Amino acid sequence: MGYTLNKVFQGFYKDSVALMRLSRDLAAMDGVEEAGLMMGSPSNKQILMDAGLLADDGAAAEGGDLILAVRAKDATAAQIAADTIEPEIMSQTRAATGDSFWRPQTIRAAAKANPDANLALISVPGEFAAAEARKAINRGLHVMMFSDNVSIEDEINLKNQARERGVLMMGPDCGTAILDGVPLAFANKVTTGDIGIVGASGTGIQEVTTLISNNGGGISHAIGVGGRDLKDEIGGISTLMGIDRLDADPATNHIVLISKPPGKTVLPNIMKRIGQSAKPFTVCFIGASDLDLPANATVARTLKDAAQAALGGDAFAETEISETGSNNNGTEIRGLYSGGTLAAETQLILLDAGLEVVSNAAVPGAGQLSDDVDGHKIIDLGDDEYTQGRPHPMIDPEIRRQPLAEALADSSVGVVLIDIVIGYGAHPDPAGQLAEMLIAMPGKDDTIIIGSVTGTEQDPQVRSSQVKALQAAGIHVAGSNADAAIAALKVPGINS
Amino acid sequence: MASDKDTPSLLGGKLSVINVGLDKFATELADHDVPVVHLDWKPPAGGDPALAALLSKMGA
Amino acid sequence: MDIIEKANEEAIRRMLGAEPVLIDVMPAGDIVPNLEDKMILHAGPPIEWDRMCGPMQGAIAGITVFEGWANDLDQAVTMAASGEIRFDANHHHDAVGPMTGMTTISQPMLVVENRTTGNKSYCAINEGLGKVMRFGGNDAEVLNRLAWIRDVLGPAMGKALRDMGGVELKPLIARGLSMGDEMHQRNVACSGLVLRAIAAAMAKTSDDSIALSEALAFISANDQFHLNIAMAMGKAIMDPVRNIEGSSIVTAMSRNGTDFGIRVSGTGDEWFTAPVEMPEGLYFVGYSEADANPDMGDSTIVETIGLGGFAMGASPAVAGFVGAGAASEAANYTHRMSEICASENPEWTIPSMDYLGVPTGIDVRLVVDSGIAPTINTGIAHREPGIGQVGAGVVRAPMACFEQAVRRLAEKLGIS
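Protein chains in written order, with the working numbering: chain A, 1 to 496; chain B, 1 to 60; chain C, 1 to 416.
By construction, these hints were calculated from the structure, which means they are not laboratory data.
Check each hint, because a few of them may be wrong.
[Unchecked claim] Taking lysine to any residue and the SDA-like style, the derived pairs with C-alpha atoms no more than 20 Å apart in a straight line are:
(1) B:K57 <-> A:G126
(2) B:K24 <-> A:K279
(3) A:K444 <-> A:I395
(4) A:K112 <-> B:K42
(5) A:K14 <-> C:A327
(6) B:K57 <-> C:M353
(7) A:K279 <-> A:T192
(8) A:K112 <-> C:I415
(9) B:K57 <-> C:S328
(10) B:K57 <-> A:K272
(11) B:K57 <-> C:K6
(12) C:K6 <-> A:Q402
(13) A:K112 <-> C:R407
(14) A:K231 <-> A:K279
(15) A:K14 <-> C:S328
(16) B:K42 <-> C:K131
(17) B:K14 <-> A:D148
(18) A:K112 <-> B:G13
(19) B:K14 <-> A:I152
(20) A:K73 <-> A:M49
(21) A:K73 <-> C:K6
(22) A:K14 <-> C:G286
(23) B:K14 <-> A:R245
(24) B:K57 <-> A:R139
(25) B:K57 <-> C:E411
(26) B:K24 <-> A:D65
(27) A:K112 <-> C:S328
(28) A:K112 <-> C:N243
(29) B:K57 <-> A:R165
(30) C:K6 <-> A:Q161
(31) C:K131 <-> A:K231
(32) B:K14 <-> A:D194
(33) B:K57 <-> A:S151
(34) B:K57 <-> A:I152
(35) B:K42 <-> A:G126
(36) A:K272 <-> A:D244
(37) C:K412 <-> C:P275
(38) A:K112 <-> C:K131
(39) A:K231 <-> A:S151
Note that the coordinates shown come from a computational prediction; the quantities given were computed from them, not determined experimentally.
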């Protein structure tokens with residue numbers, strides 16, 4: 001049996017719940033065998049006695065007194081425990097231990113608590129994304145699914161279900177949308193206007209919307225549909241629903257479609273739907289040629305062409321980049337892109353100029369990137385091989401560091417092409433990050449670096465600030481990604 | 001050209017979002033004065049994707 | 001799945017449409033269906049003697065002596081182990097019972113009628129705190145009190161209730177919620193309201209003022225007197241919700257001290273069971289987790305109808321009592337439970353939560369999907385029979401029960 005200590009607080013009341021809590025804390029202290037805090041009523045004193053906790057002091061207490069009783073391995077341990085708990089007994093309030101602010105854990109509960117909610121933005125891991133999207137559609141919510149790694153079967157099922165429910169299923173792998181003037185996920189703050197966009201490509205939408213906005217036009221809505229929507233398996237369900245919405249939208253007077261070339265069975269359905277609309281369309285199926293378009297549609301080969309066509313066809317001002325050729329006399333272009341569609345656009349422009357192009361995300365006409373194939377290398381740094389286990393290069397520009405160092409160290413590379421994509425979701429200062437990277441890289445003065453900034457003045461990073469940071473680092477900045485590629489072609493020694 | 005306030009809703013009502021996943025998206029929406037509920041999301045069905053899929057098919 | 005949603009709407013319609021009325025107190029042998037001599041109904045899903053926990057075995061020995069089937073506790077244990085005494089779950093006989101939940105022929109049962117559907121449910125009268133049979137107590141003091149309840153209190157209450165035409169329980173619960181009860185760990189307001197409702201009729205129908213005084217004193221001294229009424233009410237509300245094809249609403253949750261079991265409307269009368277968990281909570285001085293018996297009792301029927309842990313927001317005092325955290329967090333418990341329920345009860349509201357209705361209709365799909373297990377406010381029994389309550393706390397219903405139910409329902413509906 002250890003040492004029993006009682007301390008009596010005369011005329012001090014605390015409710016039994018608080019005392020039970022304090023008793024628990026006291027009993028958990030070092031060297032304490034048993035402990036109790038009770039008001040000194042006869043029945044309570046009996047309980048303390050039965051528990052071997054009552055000493056003479058406690059036995060003398062009155063009903064209105066609080067007894068602190070502790071039995072510990074020795075007198076010191078008992079005293080330390082009593083002294084430690086005493087401030088807590090005397091304190092008036094207990095610090096809140098948990099987060100007393102409730103947030104719903106499920107879509108169902110959130111929808112119930114917020115009956116006005118109309119869109120679920122889903123960015124959870126791919127293995128759970130389809131289940132969450134299905135729940136959202138069941139509740140009549142439109143879905144924007146940023147998550148990728150969703151099976152094509154799930155995508156087909158979700159899109160069919162969404163069509164039955166009459167809601168938009170944007171994605172999976174939908175990185176960009178602008179709805180009611182609000183940028184969602186990776187998107188830019190653009191001027192509001194009358195051009196509506198349906199796009200299967202996030203950076204494609206970003207490039208076209210910002211070019212339109214920066215050249216005097218405006219965007220009504222931009223609907224992302226995910227990269228696979230126009231494959232034959234999916235059948236363009238979301239693209240067609242997106243067209244329906246924009247066709248019916250009074251604020252939209254011109255509709256732009258952006259996608260890789262559609263599947264063979266999908267294409268005629270898209271063309272048919274375009275033909276049913278009274279609104280003019282611009283169709284940019286990057287890399288597709290020989291389209292049999294309805295009368296109300298015009299084709300655009302590149303993103304820049306699409307933006308120009310949507311604004312009425314006048315050419316944007318060309319960016320002049322006067323160059324005398326690189327110091328290293330390199331003949332190759334190396335593209336290091338964070339935006340997959342921007343990489344595709346560059347490949348097209350190089351191919352159209354008659355160059356040999358290889359890429360890890362090759363467009364029709366370009367070769368697959370491998371060590372033993374010659375050609376101008378255009379690399380999509382957002383491809384799985386670079387992003388395995390790390391964020392997308394638009395979030396973490398560090399991915400570009402090593403390929404950039406390699407390109408600058410390679411004397412056969414005369415021009416390096418880069419993209420900077422800003423806006424919501426993107427890195428807070430990608431140009432600054434790139435400039436800082438370059439400081440430590442030998443060869444930067446021997447190679448010409450040309451880039452463009454996809455974004456607007458209203459974006460958090462501010463386009464003009466990003467341009468200045470690039471220029472200060474010795475990078476030539478073009479007005480668009482296409483202009484950057486065209487400028488590269490003009491560098492002496494390259495186009496040969 | 002219409003101002004922001006005149007933009008008719010594409011979704012049939014003022015944009016109001018339930019954000020499931022990255023909290024950054026919720027913060028940015030709130031900055032645009034879009035009503036947004038950021039879920040206290042946890043992997044559904046205790047992290048069993050097959051069971052989660054079954055439940056979503058049962059209308060959970 | 002429309003069939004599930006429609007079925008659940010029907011389940012909720014039946015729950016909210018119930019009109020439970022406490023109408024009588026009668027001996028179990030006269031009213032409980034298929035209850036026979038030498039038969040003991042217990043709490044929780046069915047269980048055989050060998051797997052019963054200590055308090056359950058202790059209570060069975062005690063009630064066997066009480067009924068006069070055995071002369072002493074040793075003989076009672078022998079009879080129980082040999083199969084001479086038959087066991088079944090209260091839930092199979094329109095009945096419920098707290099903790100060990102002993103129901104035998106001579107015990108007076110509270111009778112709650114659901115006037116909407118006409119079904120009746122039964123629960124024994126609450127014995128009070130301390131050394132009592134529901135916590136496995138079985139000595140002379142316990143048995144004498146049971147005899148007094150059988151011979152004096154039960155008949156007096158029955159007479160009064162018949163004379164006054166019963167006590168409507170729905171409005172009584174509504175008032176209790178606004179007075180800080182959640183009807184599982186805190187029944188002090190409702191117990192007072194019941195006493196107020198029947199005192200005059202008890203006086204009117206009594207011809208023995210001493211007995212009347214003792215009966216009124218017993219009710220007055222028992223803060224948990226109303227718990228057993230709430231339980232019979234819960235059973236009366238939930239029984240008509242059973243067997244709605246496709247419904248994923250839980251119709252019963254209950255524990256026998258060994259297993260936790262649930263039944264779901266769309267899967268009929270099948271029990272889905274898993275080992276019970278240990279409550280987490282606060283202990284009376286001199287006791288600790290080491291003394292605690294695993295979770296026990298049919299009282300979880302009150303959570304099944306949206307009270308108890310589901311109505312924690314109405315009862316900040318209980319949140320503190322059961323160790324659930326600061327009183328200010330009580331509302332969060334109710335919010336959490338609303339995530340796993342199909343609806344709210346517009347008549348049972350929580351004033352301090354802007355009159356939010358208590359979460360109603362536990363949906364097994366939502367439980368499994370969210371990973372939020374129903375929160376149950378519970379008393380904690382000592383693991384040895386006969387000692388009684390040693391604390392109070394919160395226990396989570398085991399997720400495995402709900403997972404089994406979801407898979408069975410999916411199977412029945414052909415969803416894969």
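Each hint, compared with the structure:
no.	hint	result
1	B:K57 <-> A:G126	holds (17 Å)
2	B:K24 <-> A:K279	violated (36 Å)
3	A:K444 <-> A:I395	violated (24 Å)
4	A:K112 <-> B:K42	holds (18 Å)
5	A:K14 <-> C:A327	holds (15 Å)
6	B:K57 <-> C:M353	violated (33 Å)
7	A:K279 <-> A:T192	holds (18 Å)
8	A:K112 <-> C:I415	violated (25 Å)
9	B:K57 <-> C:S328	violated (37 Å)
10	B:K57 <-> A:K272	violated (34 Å)
11	B:K57 <-> C:K6	holds (15 Å)
12	C:K6 <-> A:Q402	violated (59 Å)
13	A:K112 <-> C:R407	violated (26 Å)
14	A:K231 <-> A:K279	violated (25 Å)
15	A:K14 <-> C:S328	holds (18 Å)
16	B:K42 <-> C:K131	violated (43 Å)
17	B:K14 <-> A:D148	violated (27 Å)
18	A:K112 <-> B:G13	holds (17 Å)
19	B:K14 <-> A:I152	violated (31 Å)
20	A:K73 <-> A:M49	holds (18 Å)
21	A:K73 <-> C:K6	violated (64 Å)
22	A:K14 <-> C:G286	holds (19 Å)
23	B:K14 <-> A:R245	holds (15 Å)
24	B:K57 <-> A:R139	holds (13 Å)
25	B:K57 <-> C:E411	holds (12 Å)
26	B:K24 <-> A:D65	violated (54 Å)
27	A:K112 <-> C:S328	violated (23 Å)
28	A:K112 <-> C:N243	violated (27 Å)
29	B:K57 <-> A:R165	holds (15 Å)
30	C:K6 <-> A:Q161	holds (19 Å)
31	C:K131 <-> A:K231	violated (73 Å)
32	B:K14 <-> A:D194	holds (18 Å)
33	B:K57 <-> A:S151	holds (16 Å)
34	B:K57 <-> A:I152	holds (17 Å)
35	B:K42 <-> A:G126	holds (14 Å)
36	A:K272 <-> A:D244	holds (12 Å)
37	C:K412 <-> C:P275	violated (25 Å)
38	A:K112 <-> C:K131	violated (46 Å)
39	A:K231 <-> A:S151	holds (14 Å)
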